[in-house]
Amino acid sequence: MNSTQALHRAGEAADATAPESSPCANDRLRRRFVVAVLVLLALATIAVALTRWLLGARPAWWNDHLPAPQQLAAQAAAVEQLVTGELSAPRSADSSDWAIHITSEDANAWLADRLPKWIANQGRQWPAQLQALRVDLHPGRITIGAEVRSSAASRCVTAEFAVESTSGDAVLARLDRVSIGLIPAPTDVVRARLRPLLESSDLRAQDVKLLHAILDGRPFHVPTTIDLDDGREVRIVDFELLDGSITLRCATERAAYSSE
125 MNSTQALHRA GEAADATAPE SSPCANDRLR RRFVVAVLVL LALATIAVAL
175 TRWLLGARPA WWNDHLPAPQ QLAAQAAAVE QLVTGELSAP RSADSSDWAI
225 HITSEDANAW LADRLPKWIA NQGRQWPAQL QALRVDLHPG RITIGAEVRS
275 SAASRCVTAE FAVESTSGDA VLARLDRVSI GLIPAPTDVV RARLRPLLES
325 SDLRAQDVKL LHAILDGRPF HVPTTIDLDD GREVRIVDFE LLDGSITLRC
375 ATERAAYSSE
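Taking the working numbering, the leading residue of the sequence shown gets 125, the next gets one more, and so forth.
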């Protein structure tokens, strides 16, 4: 037997002894593949459903600081009367500072019941997409939430501000985070969406400039002076933020431009 024949027979022997894929093994592989695909599809479905729920959810505090519906209007009116009464109270220019305490529930009652009416009295139209406004107060932090309706669904958008008092009675705030539902929104996306709206709005130039600074995450000064019709002004001297409330310490003074 020559070497060529020997190699040929060795190859035939190897082919004869090589194991063949059994039908059972192939079925097991197919079943495993199908199971893996089904698991991936299930996980993807759960992820999509969870994301939709997180986007559509409201923060835990949303309904915590709101009066019962039957008490809403009365509490909103009481808050407005308290604030306007303190602002317009007869005080001499050298009178001592005075304070006013407002809870989150007070503020939210006013935002829900009185703010739309106040906007209408100013000859402006309440935005149709804006369904509700809320605030949440904590030490060093104020969160403002808005429920916005679109053609697809309603979403709760919240903006969290860090707030601090500085020397000279100044109040500085900075936008720390924006969330849609329970999911933090990338600041770049928020800026890209809002900048065109700011440029096309009828806001005053200084207001647009301020809003750009807010969107950029830069600290901005919160207005602390309120001009009264009788020539006086109320200045916020200091404030204290607590869980669920804010206390403002104010001073009533003769306006700098007013003649004695």
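Check the hints yourself; a few may be wrong.
Claimed, not checked - Heads up, simulated SDA-like pairs for lysine to any residue below, C-alpha to C-alpha not over 25 Å straight-line: (1) LYS333 - PRO251; (2) LYS333 - LEU254; (3) LYS241 - SER216; (4) LYS333 - GLY368; (5) LYS333 - GLN194; (6) LYS241 - GLN194; (7) LYS333 - ALA294; (8) LYS333 - VAL313; (9) LYS333 - SER369; (10) LYS333 - ALA270; (11) LYS333 - PRO343.
Said to hold, decoys possible - Pair by pair, the computed Cβ-Cβ distance ranges are: (12) ARG152 - ARG298: 23 to 31 Å; (13) SER219 - LYS333: 21 to 29 Å; (14) LEU257 - GLU210: 18 to 26 Å; (15) VAL161 - ALA197: 50 to 58 Å; (16) THR349 - ILE268: 47 to 55 Å.
The hints are simulated quantities; they were obtained by calculation from the structure and are not laboratory data.
Quick reminder that beta carbons are idealized off the backbone N, C-alpha and C, glycines included.
Identify every previously stated hint that the structure contradicts and give their numbers, smallest first. Structure breaks hints 3, 4, 5, 9, 12, 13 and 16.
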